[in-house]
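Chains as they are written, first to last, in this note's numbering: chain A, 1 to 554; chain B, 1001 to 1554.
Hints listed in this document are in silico derivations from the structure and should not be mistaken for laboratory results.
Virtual Cβ for every residue (Gly too), placed ideally from N, Cα, C.
Careful, some of the hints might be misleading.
[What the hints assert, rightly or not] Listing some non-contacts, in silico: residues in chain A with all C-beta distances to chain B over 10 angstroms:
1. 134
2. 200
3. 284
4. 303
5. 316
6. 439
[To be verified] Ranges of calculated distance between the beta carbons of each label pair, as one might list FRET restraints:
7. B:1392 to A:266: 24 to 34 angstroms
8. A:364 to B:1553: 46 to 56 angstroms
9. A:264 to B:1486: 47 to 57 angstroms
10. B:1536 to A:154: 49 to 59 angstroms
11. A:154 to B:1225: 44 to 54 angstroms
12. A:476 to B:1417: 56 to 66 angstroms
13. A:113 to B:1482: 54 to 64 angstroms
14. B:1430 to A:539: 16 to 26 angstroms
There are 2 protein chains.
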Amino acid sequence: MGKTAPNILFIMYDQLRFDYLSCAGHKTLETPNFDRVAARGVRFDRAYCQSPVCGSSRMSTYTGRYVSSHGAAYNNFPLKVGEITMGDHLRKAGMDCWLIGKTHMKADSEGMARLGLAPDSVIGARVGECGFDIWLRDDGLWAEGPKGFYDQRRSPYNAYLREKGYTDHNPWHDHANAGIDGDGDIASGFLMKHAGKPANIREGDSETPWLTDRAIDFMEAKRGRDPWCAHLSYIKPHWPYIVPAPYHDMYGIEDIQPVVRSDKERTDAHPVFDAYLHGKLSAAFSRNDVRDVVIPAYMGLIKQCDDHLGRILDYLDETGQAEKTVIVLTSDHGDYMGDHWMGEKDFFHDPSVRVPLIIADPRSEADATRGTVSSKLIEQIDLAATFVDMAGGKVADHILEGRSLVPLLRGEESEWRDFAISEYDYSTSPMADRLGLAPRDCRLFMVVTERWKLIHAEGGFSPMLFDLEVDPQEFTDLGTSADHAEIIAQMYDHLHHWAKRQSQRTTISDEEIRARRQGGPEQVGILMGYYGDEGLPEEFTAAYQGKATPVEEN
Amino acid sequence: MGKTAPNILFIMYDQLRFDYLSCAGHKTLETPNFDRVAARGVRFDRAYCQSPVCGSSRMSTYTGRYVSSHGAAYNNFPLKVGEITMGDHLRKAGMDCWLIGKTHMKADSEGMARLGLAPDSVIGARVGECGFDIWLRDDGLWAEGPKGFYDQRRSPYNAYLREKGYTDHNPWHDHANAGIDGDGDIASGFLMKHAGKPANIREGDSETPWLTDRAIDFMEAKRGRDPWCAHLSYIKPHWPYIVPAPYHDMYGIEDIQPVVRSDKERTDAHPVFDAYLHGKLSAAFSRNDVRDVVIPAYMGLIKQCDDHLGRILDYLDETGQAEKTVIVLTSDHGDYMGDHWMGEKDFFHDPSVRVPLIIADPRSEADATRGTVSSKLIEQIDLAATFVDMAGGKVADHILEGRSLVPLLRGEESEWRDFAISEYDYSTSPMADRLGLAPRDCRLFMVVTERWKLIHAEGGFSPMLFDLEVDPQEFTDLGTSADHAEIIAQMYDHLHHWAKRQSQRTTISDEEIRARRQGGPEQVGILMGYYGDEGLPEEFTAAYQGKATPVEEN
């Protein structure tokens, strides 16, 4: 199976907007290395994450299943034991699946204990690490507050920095994610006013180059041991928004693209969106002074990512591995950057829910599509099915809910999905309290078609609706427009068809079900609907024939 | 916790119709022992199974979750590893949970292997046995055909019979489920023409008394080791329809209740129902000669169940255990017995989908409801929540989808559900081939309210609709009635609300979610939306303060 399979270098950035790449149309940010991969492959221009927030988005990508199907609906909601991952599917197809970087995986330790899975066993470690074998796990969130560290693990990156001579308590924060202010004090990147300062670290020691080096180490170690799948998963350009020199001042206010927002978005806003508009992030990112300092830093972080992607591409080219290595570039979600009066992600406007997705398959079968752009509706869960397909495995479509993109990469026209889905659970957020909602009413669903985007909110609200053709900027919410009742009904039909999907029948394949239609029960003696033996093939009754022993004789 | 909890004797019959009990209105079948329990407790008159077929119904009852939630949608579809069972919940509440009899559980051996769970370990055995500790497992289906036995396990019942001197190859079939014909040959109970013959076995050796004895053994062994939950799970009155003397001729044609069927059901029948009407079971059970011989045998089997229930009640009374033992009587589904031109179960008319449910709680808190009938809409998944509640545990309502019936048993009025759901997967059936449907389109959903019952079929069909008030016999399908468009829309609203439920977020409770709303991220150093430190409590920044070490010095 795996013999002729390519390697898969599955690179994920964190919080990288779909349109902050020059190949995706950014006017002032040059990303020649992303563009280089796009020129070699297909850029999918309408790819959506399954949830616009790290944890749940990633759990979908790593299981190939919708958020409602795996249940890890928000950051640090554990992925329940028993869920089958990309790694499980790939190993079955004969390909190892390694992690280098971030997953945001929270292990279901209660479930593991219930099943007696030791976290330090091979199986337990994979279950606890979302199915990956760990080359390096580093989620890149070594924040610390009065209740201790956000991430309780040992920090490989902090260990590295200490080895390099950064002796502060938490060099991840104090150096990689902070500058120095005029008084010589730590200027935390968590305060956005510091975004324009250079991070107090040698560029080569910052997170992106560090992880890139680890990825090259990995590929060196694996030379001659093809094929492999490696998930190289960066924390950047995720906040804290601060970047080392020379990237800190590579962009200025003049490089910022026009903000996408309209006063009418705040008038009569949908109650859930309105709750977001009253939040702290909205207040901050609606300020031009915030955008003016943050966006150039964010662009610098992306530029740094691009430069180090170049190192990887060069390494693959120079070592002859490029021709047998599929490269996948994507992000777990976007970043509003003040568009729609919003900061971060967490809602369904394009800057948040659309993701960059570029796949370059070096094999000749994909020659027809090199350098093309596909506008098919892609869901990020398609990646798991794609990788299994590339590994030469059979896509277990009773488990994996996405579809292999291999036919699209080969330019083989085929019918494709009519709509894509994304979900969001804001039950732990301040918005939930503001709206006074019970946890399970704090759920949003997005349905997007070629032209329309509907956002459904549980809890008794009307929906939001955008006409992406007439209103690509998503300013005009048509969710209560009587003229659009029919469209809204159609969009709900999609949602409800999807909601009734069979997502949990994961232990038996469609193929096996069809096989069982062939008179299975009679073959094992279950005879139903027979009065006499008319119509009953003799072989079926053989086991039941013979002389009876009258009970008195027993 | 478990200290003052009662024992729970959870008795399930198999294929016992809700209305074949004298307390439920049967005119000719006296079931004084069922009635005795009903007089001590509450009879729920509108209880529904979650799927009208053994395996999926039971997996719902044993997990407390809908079929769509656990995924074991039909007989012998394995219950996926990781699903949490009644037994898991009860043990957490300090109560053991034992099995005596049938579960129809198919273990997810692939999933167990993936997680390294040895079937003979304590944990592996529980996972493989649907969370029960096994006093005795016997599914009562020791059928054998050209491809061997339906059930590959060792048969405890056959072992018992051999010990008792029944030496035939498969005494379960040749004696317990067969008579003798005029030539002295085995007259298999699988051929319904033999239903009137006495089974060729001493009554005391037949399945119902045998399992009753094992239950009494269990209760004897556990005396002084309260509390326990025991699932006493009979195969009867399930087919083969044949019963030993004296039950074989206790009822005659004159005792058969009028058949509930109408010619108009076969005119313009819904396509899926029509496929059933063209099946072998429909052909057989539409014949009066079949009903005339099968129904008296079925009544005899129930009468035998009632007599042996009497032995259990006597035992509990005589040993003083009655006052500390809750008794629960139910069935996994019903039996059409020719009503609606149907045999067996597998569809959603009342004879198939409604189940008997009687709960007698001896504790004084339940005095107010003794001998009453409740017409609340009950789903069988309510039992798991009920038992956890009785055991003194906290009902994990992020996992368990049913509701505790304890408040109803205590006569505490409370708001209750407006609709109940049942599901059916016919993907392995001949009907699937007849309709030419892909496996995942072969799914039916029933939504029932106080007055209406809607049946939705995937695959592009219109629904079926019955007005239970005007048409309690369910003869008139209003699924395409323009006059009922509004009702149909309301019923679909229920279905779709249910379909969007959060069924897989099982690793974090609503309580924990509410707790996380209280500024969790900031407490661990995640500061979002701050430009400067305005509004930021000082403690949050403490970890990020201090003199910076310029990078050159590192």
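Cross-check of the supplied hints:
Consistency note on residue 134 of chain A: stated as away from chain B, and its beta-carbon is indeed over 10 angstroms from all of that chain's, at 18 angstroms minimum. Here residue 200 of chain A does not stay apart from chain B, with its beta-carbon only about 5 angstroms from theirs, under the 10 angstroms limit. Its closest Cβ contact with chain B, about 4 angstroms, brings residue 284 of chain A to no more than 10 angstroms, contrary to its assignment away from the interface. Once the 10 angstroms rule is applied to beta carbons, residue 303 of chain A is consistent with being away from chain B; the minimum gap is 20 angstroms.
Annotated as non-interface, residue 316 of chain A keeps its C-beta farther than 10 angstroms from every C-beta of chain B; the closest such distance is 31 angstroms. Non-interface call for residue 439 of chain A relative to chain B: violated, since the shortest CB-CB distance, roughly 4 angstroms, does not exceed 10 angstroms. Between residue 1392 of chain B and residue 266 of chain A, the C-beta spacing of about 51 angstroms breaks the proposed range 24 to 34 angstroms. Separated by about 54 angstroms at the C-beta atoms, residue 364 of chain A and residue 1553 of chain B satisfy the suggested range of 46 to 56 angstroms.
Between residue 264 of chain A and residue 1486 of chain B the beta carbon distance is about 35 angstroms. The supplied range of 47 to 57 angstroms is therefore violated. Look at residue 1536 of chain B against residue 154 of chain A: about 28 angstroms separates their beta carbons, and that is not inside 49 to 59 angstroms. Separation of residue 154 of chain A from residue 1225 of chain B is about 46 angstroms and conforms to the stated range, judged on CB atoms against 44 to 54 angstroms. Distance hint check for residue 476 of chain A and residue 1417 of chain B: the Cβ-Cβ separation is about 39 angstroms, which falls outside the suggested range of 56 to 66 angstroms.
Distance hint check for residue 113 of chain A and residue 1482 of chain B: the Cβ-Cβ separation is about 57 angstroms, which falls inside the suggested range of 54 to 64 angstroms. Range check, residue 1430 of chain B to residue 539 of chain A: Cβ separation about 19 angstroms, and the 16 to 26 angstroms hint holds.
Going through the hint list in order, the structure does not satisfy hints 2, 3, 6, 7, 9, 10 and 12.
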